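Using the sequences provided together with the hints, build the complete structure.
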Amino acid sequence: MLIKEIEQFIDEDIGYNDISCKMVPDKPHEATVFTNQECTLAGIDVAKSFFDYFGIDAATSFIDGDKAHPDDVIFTIFGGAVSLLRAERLVLNFLGHMSGIATQTRKCVDTVRCYSDKTDIACTRKTTPGIRKFEKMAVIAGGGDPHRYNLSDTVMIKDNHIKIMGFENAVDIAVELASFTQKIEVEVESVNDAIKAAQKGVDIIMLDNMKPAEIIRTIEILKNKNLKNNVIIEISGGINPENLEDYAKTGADIISMSSLIHMSRWIDISMEISTIT
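Quick note on numbering: numbering that gives the first Met the number 0 labels position 29 of the sequence shown as 28, and the sequence is numbered without any gaps.
No wet-lab data here; the hints were simulated from the structure. None of these values were measured; they are calculated from a predicted model. Hints are supplied without guarantee of correctness; some may be wrong.
[Stated by the list, open to error] When the alpha-carbon atoms are kept at most 27 Å apart in a straight line, the in silico DSSO-like pairs for lysine-lysine are as follows: (1) 182 x 132; (2) 66 x 21; (3) 106 x 117; (4) 222 x 248; (5) 248 x 125; (6) 210 x 195; (7) 162 x 117; (8) 132 x 162; (9) 157 x 182; (10) 195 x 3; (11) 222 x 210; (12) 162 x 106; (13) 210 x 199; (14) 195 x 162; (15) 66 x 26; (16) 222 x 182; (17) 182 x 227; (18) 125 x 157; (19) 117 x 224; (20) 210 x 224; (21) 21 x 3; (22) 117 x 157; (23) 3 x 47; (24) 227 x 117; (25) 248 x 182; (26) 106 x 248; (27) 182 x 199; (28) 117 x 47; (29) 132 x 157; (30) 248 x 210; (31) 117 x 222; (32) 199 x 227.
[Said to hold, decoys possible] Label-pair restraints from in silico Cβ distances: (33) 167 x 132: 29 to 37 Å; (34) 152 x 116: 21 to 29 Å; (35) 129 x 37: 22 to 30 Å; (36) 113 x 236: 18 to 26 Å; (37) 168 x 56: 21 to 29 Å.
Idealized CB from N, CA, C, for every residue including glycine.
Put into C-alpha cells, the structure is as follows:
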C-alpha cells in the first residue's frame, strides 16, 4: 500500500480531534487479531502496511488465500496503546471486507470446479469507488480473476458503443486504435452478433444476459463454424452464487460476476489487547 493511501485512510478515520485514543496512557501492549468465522483470508499485506506505519510489530503465519477458522489468531501484535487503537478499525475494516470478498469468490470457484477445470471466475468494474484495487486483490486471494482494472486495460465494446457507432464500425475503429498489447472484447446479446464478432477476429466475446441454454447453443454454433478456437467466451449478467451451477455447465471460458463484490458479506474479525508490559 502506498504511503499516500495509508495517510488518506488514516485521515478519514482519525479526524482532527482524536480524544478517545489520546486519552489513554501510551504504554506498550500486546494484542491479537483473530477471526470469529471460517473464511478465506485477504488483506494480510494491507494490514501489515498499517501496522508498519504506526510502528507496531506484527507477526503472522497467514498469507492471502489461506483458510482460517473461528478463533484463529491472524496477527500477534505489539506496540504503543495509542497506535494500537488508531490502527484497529482500519485493519479490521480491510481484513473484514477483503476476506468477505475472498470467501465469496472461493465458494464460487469451488462450485465451478465441480463441473469444469477450464472455466475461470472473474469480477467486474462494479467496485467501491476508491478501493477497487483492494477488492480485486481480494478476488485474486479467493482464486478468481481480477478482469480489467480500468478502461485502458482492454478495449471493451458494450451495447451503448454499438448504439452510438454501429457494430462493425465500433469493432473496426477499435482494431485501428488499439495497441498490440490490448485485447478487444465485444458484448453481444444474440447468436448472430456472436458470429459476427468472431468473424471480425475479436479476442473476447461476452455473452451478456443470456440464459444457460442459449449460451450452450451459441458456443456449439461457433464451434460448428470453426469460430471458437481463437476467441475467449465470457458470460455475464445476472449470475450469482444461487444460479452459478447452471452457468458452470455451459462450457464458457470465463464467468464474470459483479456479485463477487457487491453480494459479499464482511467477515467478523476482532482485535483484543491482552497484556501490559
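Hints, verified against the model:
1. Taking the CA atoms of residue 182 and residue 132, the gap is near 21 Å; set against the 27 Å cutoff, the hint holds.
2. Among the hinted pairs, residue 66 with residue 21 is inconsistent with the structure: their alpha-carbon atoms are about 36 Å apart, more than 27 Å.
3. A hinted pair counts as satisfied when its Cα atoms are at most 27 Å apart, and residue 106 with residue 117 qualifies at roughly 16 Å.
4. Among the hinted pairs, residue 222 with residue 248 is consistent with the structure: their alpha-carbon atoms are about 16 Å apart, no more than 27 Å.
5. Between residue 248 and residue 125 the CA atoms are separated by roughly 25 Å; this keeps the pair inside 27 Å, and the hint holds.
6. Taking the CA atoms of residue 210 and residue 195, the gap is near 20 Å; set against the 27 Å cutoff, the hint holds.
7. Among the hinted pairs, residue 162 with residue 117 is inconsistent with the structure: their alpha-carbon atoms are about 33 Å apart, more than 27 Å.
8. For the hint linking residue 132 to residue 162, the alpha-carbon distance of about 31 Å lies beyond 27 Å, and the restraint is violated.
9. Restraint check: the Cα-Cα separation between residue 157 and residue 182 comes to about 14 Å, which is no more than 27 Å; the hinted pair holds.
10. Using a Cα cut-off of 27 Å, the hinted pair residue 195 and residue 3 is violated, with the two alpha carbons roughly 46 Å apart.
11. For a cut-off of 27 Å, the pair hint linking residue 222 to residue 210 stands: about 19 Å separates their Cα positions.
12. Our distance criterion of 27 Å between C-alpha atoms is broken by residue 162 and residue 106, whose separation comes to about 37 Å.
13. Between residue 210 and residue 199 the alpha-carbon distance is near 24 Å, which keeps this suggested pair within the 27 Å criterion.
14. Proximity of residue 195 to residue 162 is assessed by CA-CA distance (about 16 Å); at most 27 Å being required, the pair is judged to hold.
15. As the CA atoms of residue 66 and residue 26 are separated by approximately 34 Å, the hinted pair breaks the 27 Å bound.
16. Using a Cα cut-off of 27 Å, the hinted pair residue 222 and residue 182 holds, with the two alpha carbons roughly 21 Å apart.
17. Distance hint between residue 182 and residue 227 is fulfilled; the C-alpha atoms sit about 16 Å from each other, no more than 27 Å.
18. This hinted pair checks out: residue 125 and residue 157 have alpha carbons roughly 15 Å apart, not beyond 27 Å.
19. Straight-line distance between C-alpha atoms of residue 117 and residue 224 comes to about 22 Å, which keeps the hinted pair within the 27 Å bound.
20. For the suggested pair residue 210 and residue 224, the alpha carbons sit about 21 Å apart, so the restraint of at most 27 Å is met.
21. The straight-line distance between the Cα atoms of residue 21 and residue 3 is roughly 23 Å, inside the 27 Å bound, and the hint therefore holds.
22. For the hint pairing residue 117 with residue 157, the CA-to-CA distance comes to about 25 Å; that is within 27 Å, so the pair holds.
23. The hinted pair formed by residue 3 and residue 47 meets the criterion: a straight-line CA distance of about 15 Å does not exceed 27 Å.
24. For a cut-off of 27 Å, the pair hint linking residue 227 to residue 117 stands: about 15 Å separates their Cα positions.
25. A C-alpha spacing of about 26 Å is found between residue 248 and residue 182, which places the hinted pair at or below 27 Å, so the restraint holds.
26. At roughly 16 Å between alpha-carbon atoms, residue 106 and residue 248 fall within 27 Å of each other, so this suggested pair holds.
27. The straight-line distance between the Cα atoms of residue 182 and residue 199 is roughly 13 Å, inside the 27 Å bound, and the hint therefore holds.
28. With a C-alpha separation of about 34 Å, the suggested pair residue 117 and residue 47 falls outside the 27 Å cut-off, and the hint is violated.
29. With a C-alpha separation of about 23 Å, the suggested pairing of residue 132 with residue 157 holds against the 27 Å cut-off.
30. Proposed proximity of residue 248 and residue 210 is supported: the alpha carbons are some 12 Å apart, at most 27 Å.
31. Between residue 117 and residue 222 the CA atoms are separated by roughly 17 Å; this keeps the pair inside 27 Å, and the hint holds.
32. About 12 Å separates the Cα atoms of residue 199 and residue 227, which keeps this hinted pair within 27 Å; it holds.
33. Roughly 35 Å separates the CB atoms of residue 167 and residue 132, a value that falls within the hinted 29 to 37 Å.
34. A hinted range of 21 to 29 Å for the beta carbons of residue 152 and residue 116 is consistent with their spacing of about 26 Å.
35. The hinted range of 22 to 30 Å is satisfied by residue 129 and residue 37, whose Cβ atoms lie roughly 29 Å apart.
36. Hint check: residue 113 to residue 236, Cβ distance near 22 Å, so the stated range 18 to 26 Å holds.
37. Taking the beta carbon of each, residue 168 and residue 56 are about 60 Å apart, not inside 21 to 29 Å as hinted.
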